[in-house]
Every structure is written in C-alpha cells, then in structure tokens.
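**Student:** Listed below are the residues making up each chain.
There are 2 protein chains.
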Amino acid sequence: MAKVKKQPRPKAETPKGFRDYFGAEVDERNAMLAEIARVYALYGFDPLETSGVETVEALGKFLPDVDRPNEGVFAWQEEDSGWVALRYDLTAPLARVAAQYRNDLPSPYRRYAMGPVWRNEKPGPGRFRQFYQCDADTVGSASPAADAEICAMLADTLEAVGIERGDYLVRVNNRKILNGVLKIAEIDDAEQAAGVLRSIDKLDKIGEGGVRSLLGKGRLDSSGAYVDGVGLSGAQTELVMSFVGANLRAVKQLDRMSLDVDEGSARKLSLATAENDREIIELIGRLPETSKIWNNTVLGVLHDLVGSNPEGLEGVNELVNIANLLEAQGYLADRIIIDPSVVRGLGYYTGAVFEAELTFEITDEKGRPRQFGSVAGGGRYDDLVKRFTGQAVPATGVSIGVDRLLAALRAKGRTSGAAAGPVVVTVMDRDRMGDYQAMVGELRSAGIRAEVYLGNPKNFGNQLKYADKRASPVAVIQGGDEAERGVVQLKDLVLGAKLAEGLTREEWAEQPAQVEVARDSLVAEVRKMLDRS
Amino acid sequence: MAKVKKQPRPKAETPKGFRDYFGAEVDERNAMLAEIARVYALYGFDPLETSGVETVEALGKFLPDVDRPNEGVFAWQEEDSGWVALRYDLTAPLARVAAQYRNDLPSPYRRYAMGPVWRNEKPGPGRFRQFYQCDADTVGSASPAADAEICAMLADTLEAVGIERGDYLVRVNNRKILNGVLKIAEIDDAEQAAGVLRSIDKLDKIGEGGVRSLLGKGRLDSSGAYVDGVGLSGAQTELVMSFVGANLRAVKQLDRMSLDVDEGSARKLSLATAENDREIIELIGRLPETSKIWNNTVLGVLHDLVGSNPEGLEGVNELVNIANLLEAQGYLADRIIIDPSVVRGLGYYTGAVFEAELTFEITDEKGRPRQFGSVAGGGRYDDLVKRFTGQAVPATGVSIGVDRLLAALRAKGRTSGAAAGPVVVTVMDRDRMGDYQAMVGELRSAGIRAEVYLGNPKNFGNQLKYADKRASPVAVIQGGDEAERGVVQLKDLVLGAKLAEGLTREEWAEQPAQVEVARDSLVAEVRKMLDRS
Numbered sequence: 000m001a002k003v004k005k006q007p008r009p010k011a012e013t014p015k016g017f018r019d020y021f022g023a024e025v026d027e028r029n030a031m032l033a034e035i036a037r038v039y040a041l042y043g044f045d046p047l048e049t050s051g052v053e054t055v056e057a058l059g060k061f062l063p064d065v066d067r068p069n070e071g072v073f074a075w076q077e078e079d080s081g082w083v084a085l086r087y088d089l090t091a092p093l094a095r096v097a098a099q100y101r102n103d104l105p106s107p108y109r110r111y112a113m114g115p116v117w118r119n120e121k122p123g124p125g126r127f128r129q130f131y132q133c134d135a136d137t138v139g140s141a142s143p144a145a146d147a148e149i150c151a152m153l154a155d156t157l158e159a160v161g162i163e164r165g166d167y168l169v170r171v172n173n174r175k176i177l178n179g180v181l182k183i184a185e186i187d188d189a190e191q192a193a194g195v196l197r198s199i200d201k202l203d204k205i206g207e208g209g210v211r212s213l214l215g216k217g218r219l220d221s222s223g224a225y226v227d228g229v230g231l232s233g234a235q236t237e238l239v240m241s242f243v244g245a246n247l248r249a250v251k252q253l254d255r256m257s258l259d260v261d262e263g264s265a266r267k268l269s270l271a272t273a274e275n276d277r278e279i280i281e282l283i284g285r286l287p288e289t290s291k292i293w294n295n296t297v298l299g300v301l302h303d304l305v306g307s308n309p310e311g312l313e314g315v316n317e318l319v320n321i322a323n324l325l326e327a328q329g330y331l332a333d334r335i336i337i338d339p340s341v342v343r344g345l346g347y348y349t350g351a352v353f354e355a356e357l358t359f360e361i362t363d364e365k366g367r368p369r370q371f372g373s374v375a376g377g378g379r380y381d382d383l384v385k386r387f388t389g390q391a392v393p394a395t396g397v398s399i400g401v402d403r404l405l406a407a408l409r410a411k412g413r414t415s416g417a418a419a420g421p422v423v424v425t426v427m428d429r430d431r432m433g434d435y436q437a438m439v440g441e442l443r444s445a446g447i448r449a450e451v452y453l454g455n456p457k458n459f460g461n462q463l464k465y466a467d468k469r470a471s472p473v474a475v476i477q478g479g480d481e482a483e484r485g486v487v488q489l490k491d492l493v494l495g496a497k498l499a500e501g502l503t504r505e506e507w508a509e510q511p512a513q514v515e516v517a518r519d520s521l522v523a524e525v526r527k528m529l530d531r532s
Numbered sequence: 000m001a002k003v004k005k006q007p008r009p010k011a012e013t014p015k016g017f018r019d020y021f022g023a024e025v026d027e028r029n030a031m032l033a034e035i036a037r038v039y040a041l042y043g044f045d046p047l048e049t050s051g052v053e054t055v056e057a058l059g060k061f062l063p064d065v066d067r068p069n070e071g072v073f074a075w076q077e078e079d080s081g082w083v084a085l086r087y088d089l090t091a092p093l094a095r096v097a098a099q100y101r102n103d104l105p106s107p108y109r110r111y112a113m114g115p116v117w118r119n120e121k122p123g124p125g126r127f128r129q130f131y132q133c134d135a136d137t138v139g140s141a142s143p144a145a146d147a148e149i150c151a152m153l154a155d156t157l158e159a160v161g162i163e164r165g166d167y168l169v170r171v172n173n174r175k176i177l178n179g180v181l182k183i184a185e186i187d188d189a190e191q192a193a194g195v196l197r198s199i200d201k202l203d204k205i206g207e208g209g210v211r212s213l214l215g216k217g218r219l220d221s222s223g224a225y226v227d228g229v230g231l232s233g234a235q236t237e238l239v240m241s242f243v244g245a246n247l248r249a250v251k252q253l254d255r256m257s258l259d260v261d262e263g264s265a266r267k268l269s270l271a272t273a274e275n276d277r278e279i280i281e282l283i284g285r286l287p288e289t290s291k292i293w294n295n296t297v298l299g300v301l302h303d304l305v306g307s308n309p310e311g312l313e314g315v316n317e318l319v320n321i322a323n324l325l326e327a328q329g330y331l332a333d334r335i336i337i338d339p340s341v342v343r344g345l346g347y348y349t350g351a352v353f354e355a356e357l358t359f360e361i362t363d364e365k366g367r368p369r370q371f372g373s374v375a376g377g378g379r380y381d382d383l384v385k386r387f388t389g390q391a392v393p394a395t396g397v398s399i400g401v402d403r404l405l406a407a408l409r410a411k412g413r414t415s416g417a418a419a420g421p422v423v424v425t426v427m428d429r430d431r432m433g434d435y436q437a438m439v440g441e442l443r444s445a446g447i448r449a450e451v452y453l454g455n456p457k458n459f460g461n462q463l464k465y466a467d468k469r470a471s472p473v474a475v476i477q478g479g480d481e482a483e484r485g486v487v488q489l490k491d492l493v494l495g496a497k498l499a500e501g502l503t504r505e506e507w508a509e510q511p512a513q514v515e516v517a518r519d520s521l522v523a524e525v526r527k528m529l530d531r532s
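Order-wise, the sequence lines are chains L and Z. For the first sequence, position 378 matches number 377 in numbering that gives the first Met the number 0, and the numbering has no gaps at all. For the second sequence, position 196 matches number 195 in numbering that gives the first Met the number 0, and the numbering has no gaps at all.
Excised from the complex, chain L in its bound form:
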C-alpha cells in the first residue's frame, strides 16, 4: 500500500538575500526620504513612479561588472509581454519614460524617483537583493549648469537630512578628460579603455603602485590570486598615471604658496605633507577659502594633460564651467570640490561624474576606525535615451544609496521620525472593554498614540511585559475598585525603567513610578507624564 504523503508545512522565510523592515526602520527611512523629496521639489524636480517590472529589452544591460545577458537581474518570461524583469536601478526606467513620453514631458525634464530596486547578486552581510534608491535627474539639458545644479542639490540634500557641513564632500570630475588622455595614449580598444577605468576606480583600495601594475601586466591581489593587467605599454601607463596623479601635481604647484593653517592647537596642517588623493581632498575640503585657487591649479594641470585633444579639452572646459557656477553660488571646497581621482565604475557616463563621500570616521566590525565612504554618485549619460529613439538626449543625474545614508545618520545619532511607543491601556476587567476603549479614544483625540491590550487579559504580568515590548511610555490601569472611585492608575514606564536600572527587585516594588489620578483628567495627566519623559 502506498503511503499517503503528508503535505509539509511551508517554511516561514524570505527568499535568500531579502529582508523585512520593522517599525522604526520604516519610519526613519520614510522621514529621510520625505526630507530629500522636499529639497528635490524645491529645486523644481517632479516625482515619477514607474513600476517594478520592465521589459528586459527596455532595461538594457547597464549593470556594472555584468557581462552575460540577464545576469544580475531577476527576469522571467510572460506569455503576452515576452521577457520581463524587475528594475535594477531607477535610471533605465527613466530613459524608457523619457523616450516614451518625449512629446508630452517638459524639456528639460527634471524628475526624482524613490523606491526599491532588485539585483540578482550573491547576497552577503548588509548586501541585499532588494534595496532603495533615490534618484534625481535632468533629461534634455546639455548645459554644465544642469550638472552643477545636481551637485549643489546633493550638498543641500545631505545637509537637510542631517549630515553637517564638513562631514561630507561632493567630488566632481569629467569622463571626457580621461577619454582625451586615452586618445593621446592611443588606447582605442573599448575593452581596454574599460579596463583602464576599472583599474583607476581601485586607486583608493590598492594605491598608485597597484593601479600601475593593473594597467601593465597585472598583479597578485590580497588573496594571492594573480589578476591580469590591461596590458598597456610603459609609455601608455605613464600617461594614464599622470592623469591619476593630477591632484598630487596640483599640490606641488600649490606648495610654494605654503597653505598652512592654524585652527586652534589641535590642527596644524600642510598640504605639502599630503601623500594621496584622499588626504589632499580632505585638506582642501577644510580650506574653503582656497577653493578658487585649488580649482584653478588642478584644472590647469588637467588642461596641460589633455593638450590639444578635442574631447579632453571639452571635458576641462565643462569642468571649468561647473566650478565657476558653483563658486558663484557659494558652494566652495568644503562642500563641492574638483577631484580628478573620481572616475565611477559605470560604463554609461559620458561627461561630468560626481560622488558624495562622508568624511567622518566610523568603527568597522573589527573595531578599526575607517572613513564612512560614498553615499551617492552620478554623472552625465547622454546616450541612454538614444537607445530608444536614435536621437541623442543629454541627461545628468544622481542616485543616493538610501540604506547607506540612513546607516550614516544612525551612526551620527541623527535619525528621527520613529513613532514613540503607544500608551497601553491594560484590561483588568474583560467586561468593561468599552470603558478601556473610551480611554484610548480620548487619548487619540488628543493626538496621543494609544491602544488597549487585546491579548488574553487573564495574566496581568503579561500585559505589562507587552507594554514593555511595545516600548510604551505609560500604562493605564483601572480595576473595578478604581472604576467605582472614578480614578485610574498611571504607571510611568520610562521612569520605571530608569529606577529599575539602579534598584533591586524589592526596592523597585516599593517605588513604583505609579500615580492615581481622576478618570476625568486622564488625558492631562498622561500628557504630563509624557512631557517629563
């Protein structure tokens, strides 16, 4: 006889790489996104919300480090729509919208978008397959003023959500300059050019020597594996490295001006001691008064570098334009800075590129201090809409890494927006549920978050445990006796917790942060308790 197979219970789990967000996590993110939206709207950007699903055809293949088709995205086939996929960013859907509605949208079209995106990548600690992005883009303007505006807005946004000036830097560069250098070095192969880009992008991690090896024959990475190099000749490598070293060269030129600073006794800095891009940029960032001279010097170095190469010159001129506009608006080097070491990994950028970095230190998992790092990046991508229409449509934009920025705000203790725990009205007498409901009704009418305990009221201890788990500030208690006398007991759980920390169980029982108040003054007395906590 065949056994009847019992249907196993489903596992209560998210798929690998997905997670749930509870309470304060949701509130804090929403509060931050609302603040970002406020700034974006102030700059004239309009919201756009596209759906999570796009055709694979429309999405295209613009994920970084992905070569095979459909790799990196969640895709499946539909009978009536063919291959569709979850969006992997908010830029590809914008390009689709800009093409689809090109006759209806204002031009230039400034839009912002916030929402989840999905990446079918190997999940890891803190690395999820669904996460939020928050983008602002201007489609239809070739003007460097559009790039400058995005950079200024990014700085304003970071300050608006709670990152103080001095704790961040927006670094700006232009892809065309590197393209010009590549042309001069006669690096024409697209594959090889992309390799150069990826190598330079690792400067922060592997240093100048590492990049030099990667540009040439290759190098052993930290795991001991050999990484093939791009295969440039010695002369080609030197040309590329002179671009990479632009900051240092600018510093040498500036050195004779002896830009020493004495800001109190704690900080005596000299640019001449700076040994790498990060140090240089950070030092300049603390000297906003040198913005103009720094920009002029570094732009001069870049100008020398590209010589008469047309694309390179165009890039330098655009960068000069951006620098001038930002200076005129008072965005100096303590907020936005020209930095030739920014290249950005993504292949689709065609002009200005920018990155916002948080410059304060946090402690990593191993207790070592490290810089917080990048929280936003973007640039100009003039070819994404062209994919659809055949006509070039200039576009520029920025994407904020929502989870990283939120983590930064948490590290700085600057999140807000989490709703306080509710006042919990306990149930002493199951038959008088109507009375308890009336209490929460009054509290809510006064704008106070409140709820009746709805579990089994038999065990009163469970009700207080519940209030504790809810982070409730006040518990309201009314038995039959109290009801007859027209009073309620208010238990100050915040004060109670404080007392409890320093007191034994016996002492705590003797000092219950509890008062008896008239039923009529419930709202007033609860508010008093909330105000003192």
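Simulated from the structure, these hints should not be mistaken for lab results. Among the hints, a few may not be true.
Which copy is meant is left open, so a pair is good if it fits within one copy or across any two.
[As the list claims (entries may be wrong)] When the alpha-carbon atoms are kept at most 25 angstroms apart in a straight line, the in silico DSS-like pairs for lysine-lysine are as follows:
#	residue 1	residue 2
1	Lys60	Lys10
2	Lys468	Lys385
3	Lys15	Lys60
4	Lys201	Lys365
Quantities reported herein were computed from a predicted structural model and do not represent experimental measurements.
Keeping the supplied structure of chain L fixed, place chain Z upon it in accordance with the hints.
**Tutor:** Chain Z only, in chain L's frame:
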C-alpha cells in the same frame, strides 16, 4: 552573402498592464498614505515593510477566483531559492512574518503596511498588474474588540483623508453565521459551500432571484451563457435565502415602529419602502439614532436563523460584542453598521468580515450615475499563520484599495499634496548663468520652489512655453539692460492665463501681467505675486 542583421531599437513601453505615475499623481498618493499612516500609528499600529519577492511556498494560494497553482501571480525559479514570486497582497507576507518572528514580536502584534502588490491577471481599463495596497492587521488577538477596533479605525481613516461622514459606511458581518446556516442546511461539501459564498457575493449585481437560481440549477447570465448552479435542494436554497433576506426581515419587524424621518422637505423616507439591502442599509445609515434598535433587531433575526447551531451562535455573539463596543465608543449606524448581506469573496475569512463602501454617486463612463462602491474590506482570518506553525493564531485586518480611494478623493475634489509648479527663471544671457542661479538660490532659501531654464536659451518663446508646461506661477526675466539697471521683470503666469482666456492676442499683448521690480526685492515681489494667485 548573408545580410548583417541590424539590432532593432528597444521599444519604449511598459510591459502590458503596467503604468507610470507622474508628478501630482505620486504626490497625492503619498499625501493620502501619510495621512492613513498617521491614523494607524495613533491606534498603536507599527509599520512593517516586507520585500516584493517571497517564496511561492510561503505565499500560498489565496487569490480569489484562482484554482491552478501559480495562476494569478508572477513567479519564476531561482537557483538558490527555488520558486519565488512577487507578492499578490500584504496579508500573506504578514502571515509569514508573524510565523518567522513569533518569538520576538509583541503579541498581539498590530502592524500596518503600504506598498505595491502584483497580480498576473488580464489587464483592462483601470485594471493594472501592479497597484498599491494599504493594510492594517492585528495578529494574536481572538477578541471581537480587535475586529471592532479595525472597523473604528477604518471609519476614522476615511474621514481623516477627506471622505465626509455620511459619504461612507463600514458594513460588518460574521462568516460563522453563514457557516451555521450551511450546517443547518446540511451543506457539508467545501466546494459547494464556497459556491454558496460566491453566489451570495453577487447579490448586488444579480438580485435575489439571480442568487436563488445560482444556488439551485443555474441561470443565463447577461451574455446569454448558462452558468451552472450550486445544486442545492429547494429546502436548502430557502434556508440560505432566509440568511440573505435577514435585512428585509429586520425591516419588517421594524416597520411597526414607523421610522419615518422628515429632514427638510427634500427627504421623507420610510424604511418600509426599502426593497433591497442597499436601500435599507443606506436608510439606516442616515438614521444613526436608530443604531441600537436596528442592531438589536437584525441581530435578533440572525439569532433566530442559526437556532442552536454552535458556530452560528458564536458568530452572532461575536457580532453582538462588536456592535456593543462600537456603540459604546459612539460609532453609530451613520459610520459602522451591522449588515448580514456582506460576505466577502475571499475564502480565508473565518469570523468577522467588513467592507467600507462610499455611498455617494459618481457618473460612470456612459454618463449614468452610480454608487462609488467599495474602497476597503477585511475580516478575521485565524488560519493563515497556522499554515506555517501548526498552531492557530487569531488575526484580523483590513485592506484599503489605495487607487480606488484616491479616485474617490479626486471625484470629491479633496486631494491635496501636489506641489505647485516652480518659479522659472529664464535665461536671456547665457553668460550670466551664475546670476540666474543666484536668483533661484535666494528663492529656494525662502522656501519657494524655483528653477533656472536649462534648455537651449536661444529661443525665448520656448522658455515661456516650458514655463507653461511646468504650470509655473511666475517667470523671472532679466536681460543685460535690466541687469545694468538692477531690476528684473516678473511675469505673473497665473494672471496671464486668466487674462488670456478672455482676451485676444492683441489685447493680451497690451496687458502683460508683468511688472518690473528691483533685483534686491526679488523674493518679496515673487511672494506677493504667489500670494495673490
């Protein structure tokens, strides 16, 4: 020679059944959801955000009208997670969360959730494959007070977002009563019971006679097709129909009390003239003072109907409990009403069921007036968490149809939250971009939405067309001459549009709603213009 196949351009289209939301559509929905979240939080509910992707196993098969596995959902296979799918509602993920975190969550757990859900259904006009839901649920409370709370909160929520009292009704029933009737009628087959449920749910559309036919042998539907009936005997059908007719029977009992109303000359109503459930419920809804007597009467009818059947009696008692709690809190029949004609199609409800209906009329596509209808519904589902854990976990909740509620608010002219168009600073002189940026900078610092025109400034007419498309209230103009004299021109585009409506092009040119003001008073003068529009 083989032809080189040219890669065709991708189509700029969403997949079938998906759409984009622009500007005000996004703002209005966000404003409404924020208001709903405020009320939910006030009631002690905490936000929860699960991801869009769940395992097919965890989601289960609870879509209405879907028999085949995976039908109705977007599902695909992943190497490391097996079959996964986009969530089709917010209840199934909640059940998964309640099981997964059962040791960490407070119990009862009150949570709300807002976000998109996906249904792989045939799209139609106004019917999309991605849409928003907004749910509030209490997991872990078997108390009718939890159901009553959800109903009260639903009423509060509708009023908070702008649906006035009198324009909505929350109708409440209990599944156990119908289950009791089915038991008495000896309808034991689950398939047949589900058929009865579906037939009753059509009462509104096909009337009492139609339901009677469907319960028996079947009927011809409006398209002329024959729809098979449930196959009940005559006696069984009569028993079920007596449940369906509970409202009418209650009306007959009330008739002797001659509940006539005279509310001005325009409205003289008598319950005795009511011919169907909708009319009855609407009339009672206008007579909140009769709440108690109506509830008593209709609950009495239901009590008679279930006789001594234990499940039926339990249902009546729960409903009595809910009615009493709501009455005690002042939620009378003009907001929440006991209505035995509510059954709700979904199979998973196990107790109380409720539905919020908007009672005002709108004009349909063909110009005919019709009631707006349902915008929210829910009920008690005690078995969804049990799927995972094997242990029964009582739960109750409501889901608001976000798009329908938003459509209702639009129909009533009660949406808000759309950002006004930005002040547009035009570009007369490309070299003075810095000056124009300074102007928008000042306006933004004063909290005024503003932007510089970033398109090609050559054609000034295009700049004004752009301002028009942006619904800009004010355009700022400064040529070299004005700059020298330290002034700017302000064009009042709102006033301009008004003038333009009644004026010829010549007259309009003579009355340009345009003033010249000092550059220094730009912000003050713009604000003046904004205030008068």
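**Student:** Hints the structure violates: just list their numbers, smallest first.
**Tutor:** none
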